[in-house]
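J.: Residue strings, one per chain:
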Amino acid sequence: MRCFIGIDLGSTTTKSVVIDEERNILGRGITNSRSNYDTAANIAKQEALVNARFHLFRGALKKSGALNGGLDEFVGQLERDFRLEQFTEQLADLEAVCGRNVDGGKFGDFAKPVVAALEETFRRLKLEAPELFAPGAKRKSDFFRDIAGSRYLAIGEEVAKAAELRYDFLLNIFDRSIIEVENREYGDSISKNLLAALDRTFRVLPEAAKRGEAIRAPIQGVLETALEESYVIGTGYGRARLPFSKEHVRSEILCHGLGAHVMYPHTATVLDIGGQDTKAIQVDRQGIVESFQMNDRCAAGCGRYLGYIADEMNMGLHELGPLAMKATKTVRINSTCTVFAGAELRDRLSLGEKREDIMAGLHRAIILRAMSILARSGGIRNEFTFTGGVAKNEAAVKALRDLIFENYGEMTINIDPDSIFTGALGGATFAWRAVVEEGKLAEARV
Amino acid sequence: MATIQMPQSQKKPATVQKEDAMLLQKEMINRNYHELATAHETGRKVSATFVPGNLNELLMCFDFARSLPETNALQNGMRKKSGKMIMDAERDGHSEDVCTYVKADLGMMLQGEVGPTGEKLPRPDVLLLSYTGCFTFMKWFELVRQKYDCETVMLHVPYQGDGHISPNMREYVVKQLKEKVIPTLERVSGVKFDIDRLRQYMRESTKAEEDLVAVLHSAKNRPSPIDGYFGGVYYIGPIFTAFRGAPEATEYYRVLRAEIEERVRAKKGPVTPEGELEDEKYRLVVEGPPNWTHFRDFWKMFYEEGAVVVASTYSKVGGVYDFGFRHDPDHPLESLAEYCLGCYTNLNFPQRIDMICRYLDEYQADGLLINSIKSCNSFSAGQLLMLREVEKRTGKPAAFIESDLVDPRYFSAANIKNRLESYFQMIKQKRAAAGAAVH
Chain A
1 MRCFIGIDLG
11 STTTKSVVID
21 EERNILGRGI
31 TNSRSNYDTA
41 ANIAKQEALV
51 NARFHLFRGA
61 LKKSGALNGG
71 LDEFVGQLER
81 DFRLEQFTEQ
91 LADLEAVCGR
101 NVDGGKFGDF
111 AKPVVAALEE
121 TFRRLKLEAP
131 ELFAPGAKRK
141 SDFFRDIAGS
151 RYLAIGEEVA
161 KAAELRYDFL
171 LNIFDRSIIE
181 VENREYGDSI
191 SKNLLAALDR
201 TFRVLPEAAK
211 RGEAIRAPIQ
221 GVLETALEES
231 YVIGTGYGRA
241 RLPFSKEHVR
251 SEILCHGLGA
261 HVMYPHTATV
271 LDIGGQDTKA
281 IQVDRQGIVE
291 SFQMNDRCAA
301 GCGRYLGYIA
311 DEMNMGLHEL
321 GPLAMKATKT
331 VRINSTCTVF
341 AGAELRDRLS
351 LGEKREDIMA
361 GLHRAIILRA
371 MSILARSGGI
381 RNEFTFTGGV
391 AKNEAAVKAL
401 RDLIFENYGE
411 MTINIDPDSI
421 FTGALGGATF
431 AWRAVVEEGK
441 LAEARV
Chain B
1 MATIQMPQSQ
11 KKPATVQKED
21 AMLLQKEMIN
31 RNYHELATAH
41 ETGRKVSATF
51 VPGNLNELLM
61 CFDFARSLPE
71 TNALQNGMRK
81 KSGKMIMDAE
91 RDGHSEDVCT
101 YVKADLGMML
111 QGEVGPTGEK
121 LPRPDVLLLS
131 YTGCFTFMKW
141 FELVRQKYDC
151 ETVMLHVPYQ
161 GDGHISPNMR
171 EYVVKQLKEK
181 VIPTLERVSG
191 VKFDIDRLRQ
201 YMRESTKAEE
211 DLVAVLHSAK
221 NRPSPIDGYF
231 GGVYYIGPIF
241 TAFRGAPEAT
251 EYYRVLRAEI
261 EERVRAKKGP
271 VTPEGELEDE
281 KYRLVVEGPP
291 NWTHFRDFWK
301 MFYEEGAVVV
311 ASTYSKVGGV
321 YDFGFRHDPD
331 HPLESLAEYC
341 LGCYTNLNFP
351 QRIDMICRYL
361 DEYQADGLLI
371 NSIKSCNSFS
381 AGQLLMLREV
391 EKRTGKPAAF
401 IESDLVDPRY
411 FSAANIKNRL
421 ESYFQMIKQK
431 RAAAGAAVH
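Residue numbers (our numbering), protein chains in the order written: chain A, 1 to 446; chain B, 1 to 439.
Be a bit skeptical, because a hint or two may be false.
[Claimed, not checked] Covered by chain B, per the in silico footprint, the following chain A stretches (three or more residues, Cβ under 8 Å):
#1 124 to 138
#2 281 to 290
[Unchecked claim] Examples of chain B residues toward chain A, derived with CB under 7 Å:
#3 THR206
#4 GLU210
#5 THR272
#6 MET426
None of these hints come from the bench; they were simulated from the model.
Just so it is clear, CB atoms sit at the ideal spot from N, CA and C, and this is done for glycine as well.
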C-alpha cells in the first residue's frame with residue numbers, strides 16, 4: 001500500500017508520521033535525535049512503520065473477528081512483547097560491543113574481573129528485561145539508551161561493589177559502547193522479532209493461542225503487505241542534514257502550520273514550543289501560513305530551558321510540570337535565559353521560596369515569552385492550537401490558558417496528546433499532496 | 001584640488017565588465033584609506049562624518065581627507081575584524097546593548113587605530129556631525145571628541161515628524177551652514193570657502209545621482225539585472241561616502257550604468273559571488289541594514305533559493321534619490337539642507353511605510369523582509385508596526401529576521417536560514433493557492 005511519510009528532525013527528538021492514501025494516520029515513531037541526524041531520521045521512520053503495522057494488525061484482526069472482545073488485550077500484549085524482543089536484541093548487541101571494548105580499555109590486570117562483572121551485569125539485565133515490558137510497567141523513557149542505561153548503571157554499581165571493582169571501569173565501557181549500538185539500525189529483524197513476539201504472546205494468552213491460526217493469518221497478511229514509501233518529506237531543525245533532495249524538504253514552520261490545520265481544521269493561530277525554538281504561526285483556512293514569528297538565536301524559554309532546570313533540580317523533565325501544579329503561589333521569575341536559569345533558581349531557593357512555587361513561576365515565565373512572540377506574529381485568533389514537546393507539560397498549559405484568558409478572553413484551545421508529531425504530520429500531508437494532488441500543485445510554475 | 005586620480009583598472013573590460021565596476025570601487029576605497037593614512041604627512045587636515053546627511057561636497061571644498069566611521073566599522077566587519085574590536089570596547093566599559101558600529105570604532109582606536117586595509121587611520125582634525133535622526137551618532141562623536149580632544153561642529157537637522165520639509169526647516173539648516181559649519185571648517189582647514197567650487201562638485205554629484213537612480217530602477221525589469229540590497233550596498237559605496245562630487249565617482253556610475261543597461265538588454269540576472277543568478281524565483285523588498293560580518297553567507301541564503309532583492313530602504317540611507325531629489329548647483333546650500341532633511345533615517349514612520357509600499361508595487365515584489373538590527377534603535381524601533389501596516393495595505397506577505405551590523409555573536413545562521421526558507425516557501429505556497437483559485 002502507498003504510504004506518505006513526514007519526518008521532523010528536532011533538536012531533541014526526531015518524529016515521524018505515516019499516513020495512507022485517505023490521509024489516515026497509520027503510525028507514529030519517535031526517537032532521540034542523538035548527534036546523528038541520518039540515523040535518527042531512519043529510526044524514527046522505522047518506528048512509525050512498525051507502529052503502522054500494529055495499527056494494521058488491529059484493523060485486520062478486528063475485521064477477521066478472531067479475537068472477539070480480546071482485541072485490545074492481545075494487541076497490547078503483542079506490542080509489549082515486540083518491544084521486549086527488540087530490547088533483547090539491542091541488549092545482546094550492547095553486551096557484545098562492551099565485551100569488545102574491554103580490550104581497548106587499558107584495564108591491565110583488571111581486565112578479567114571487568115569481563116566477569118560485565119557478564120554478571122548483563123545476566124541480570126536480561127533476567128529483569130521482561131519486567132520492564134510487563135503490563136503497567138512504568139518506563140521513564142522509551143529510548144533504548146535511557147532504559148538500558150539507567151538499569152546498567154544501577155546494576156553495574158551493585159555488581160562492582162560486590163566484586164570490589166572500580167565502578168567507573170563499567171561506566172567507561174558503557175559510555176564507549178552505547179553510541180555504536182544506539183546508531184545501529186535493526187530494520188531487517190523487524191519481521192523476525194514480530195513473529196517471536198507472537199509466540200511469546202500466545203504463551204501469555206493461552207486463550208488466544210487456541211485460535212492461533214485464525215489470528216496468525218491476518219497478521220501474516222499484514223506482514224506480507226509492503227508498506228511502500230511513496231513520498232517522504234523532511235522538516236525540522238536538522239532538515240538540511242537529511243539525505244533528501246530539496247524537493248523533499250519543507251520548512252518546519254509550514255509543516256507545523258499544516259499539521260495543526262490537519263489536526264484541528266479551524267486553527268487560526270499555532271504556538272509551537274520545541275527544544276530550542278518557539279514559533280508563533282498564523283494560518284489561513286487552508287492551513288497556509290500567513291505570517292510567523294520565532295525566537296531569535298537565543299533559546300530562552302524553550303524546551304531546553306526546562307531541561308536545564310530539570311538537571312539543576314536533579315529531576316526528570318516530565319516531573320517538572322506535576323511539581324509546579326502543586327504550587328500555592330507563583331514566584332516571579334525575571335529571566336528565561338537558559339544560561340542564567342540555574343542562578344535564578346538557586347537565588348529563589350536561597351530566599352526560602354518553595355520548589356513548587358518557583359516551578360510555577362518558571363512555567364509562567366516561559367509562557368510569557370511565548371505570549372510576546374505570539375503578539376509579534378499578530379496575536380491569538382480563534383481557534384488556537386498549542387503543539388510541541390512543551391504542550392505535554394500540564395503546568396505550561398495551565399499558565400498558557402490563564403494568560404490567554406487574561407489577554408484575549410475566551411478562546412478554543414486545542415492540544416492534541418500527540419501534538420509532538422504536528423510537524424511530522426504536516427510533512428506527511430505535504431508528501432501526500434505532492435503525489436495525490438500532483439498537477440493541482442503549482443510548484444512547477446514557480 | 002584634492003581629488004583622486006581615476007584609478008586604472010587592471011582587468012580587460014571586454015570580458016569582465018561587471019568585475020570592472022567592483023574593482024574600480026575597491027581601488028577607490030583603498031586609495032581613500034591610503035590618503036587618510038598619509039594625510040597629515042602631506043599637510044592635509046582630516047574630517048570625520050557619518051554617511052546619512054554627509055556633506056561630502058562641502059568637505060571637499062576645504063581639501064579635507066575624509067573618513068566615515070560607520071564605513072570603517074563595516075569594512076572591518078566584512079574583514080572579520082570587528083568581533084575583537086567590539087569585545088575590546090566592552091572590556092573598556094561599553095555595554096552589550098550599545099550600537100556595534102560605535103564599539104567597533106572605539107575598539108579599533110584601542111587596538112592602535114589601524115584601519116580596515118591595515119594602514120593607520122589618522123586622528124581627525126574635525127568631527128562634522130550632521131544630525132539626521134540617529135541619536136547615537138551624537139554620543140559617538142562625543143566619545144571620540146573626549147578621546148582626541150578635537151574640534152566638533154554639529155549641524156542640527158530637524159526630524160520630518162510631520163512627513164514634509166517646510167521652508168522654515170530648510171532655512172534653519174542653511175543658517176547653520178552659513179553661520180556655524182562653514183566658518184568652523186574654514187578655521188580648521190585654513191582654506192577659504194568658495195561657493196563656485198561647491199557648485200562644481202555638485203554638478204558632478206548630479207550626474208552620478210542620475211546614473212545611480214537608473215541602476216536602482218533597473219530592478220523593475222524581469223529578471224532584475226541587479227540585487228538592490230546585496231549588490232546595492234556596493235553600488236551606493238562611492239556616492240554615500242568620500243566620493244560624491246568627485247569626478248571618479250561620476251565615472252564609476254557612468255561605467256556601472258552602462259554595464260547594468262547591457263545586462264538588461266541581455267536579460268541577465270544579478271551577479272552573485274558564485275556567478276550569475278539565472279532563475280529569479282522571488283522578488284523581495286528589504287528594510288534594514290544588512291549584516292556585515294556574515295555578508296556572503298547571508299547573501300547566499302537568498303541567491304541559492306533564487307531570491308532577488310529588487311529594492312531596499314538601506315540603499316537609500318545616504319540619500320534618497322529615486323523619488324527625484326538631486327543636488328542643485330544653482331542653490332548649493334539649500335540643496336545640501338534638502339539632502340540632509342530627506343535622509344532615510346530622518347523620515348517618519350508613514351513616509352517609510354509609503355516608500356516600502358511603493359517599492360512593493362513598482363518593483364512587482366512578492367513581499368517585504370525586515371532585517372532587524374539588534375543594536376540599532378534608529379532603524380529597528382517600530383519595525384514590526386511597519387511590517388503589519390505594509391501587510392495590511394498591500395496584502396503581500398512579510399517576514400522578520402534579526403541580526404546585527406558588525407557583532408558576529410548576533411548572527412545565527414541556522415535561525416536566519418530557517419526563517420528565510422520558511423518565508424520563501426510561504427510565498428510559493430500562497431502563489432500556488434492563488435493560482436489554484438484562479439483555475
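J.: Hint by hint, say whether it matches the structure.
T.: Here is how each hint holds up against the structure:
1. 124 to 138: violated (count 0)
2. 281 to 290: Held - the segment 281 to 290 of chain A has 4 residues with a Cβ nearer than 8 Å to chain B, which meets the minimum of three.
3. THR206: Nearest chain A Cβ about 41 Å off; hint violated.
4. GLU210: 36 Å, violated
5. THR272: The hint is violated - THR272(B) has no Cβ within 7 Å of chain A, the shortest such distance being about 18 Å.
6. MET426: 5 Å, holds
The earlier numbered hints that this structure contradicts are 1, 3, 4, 5.
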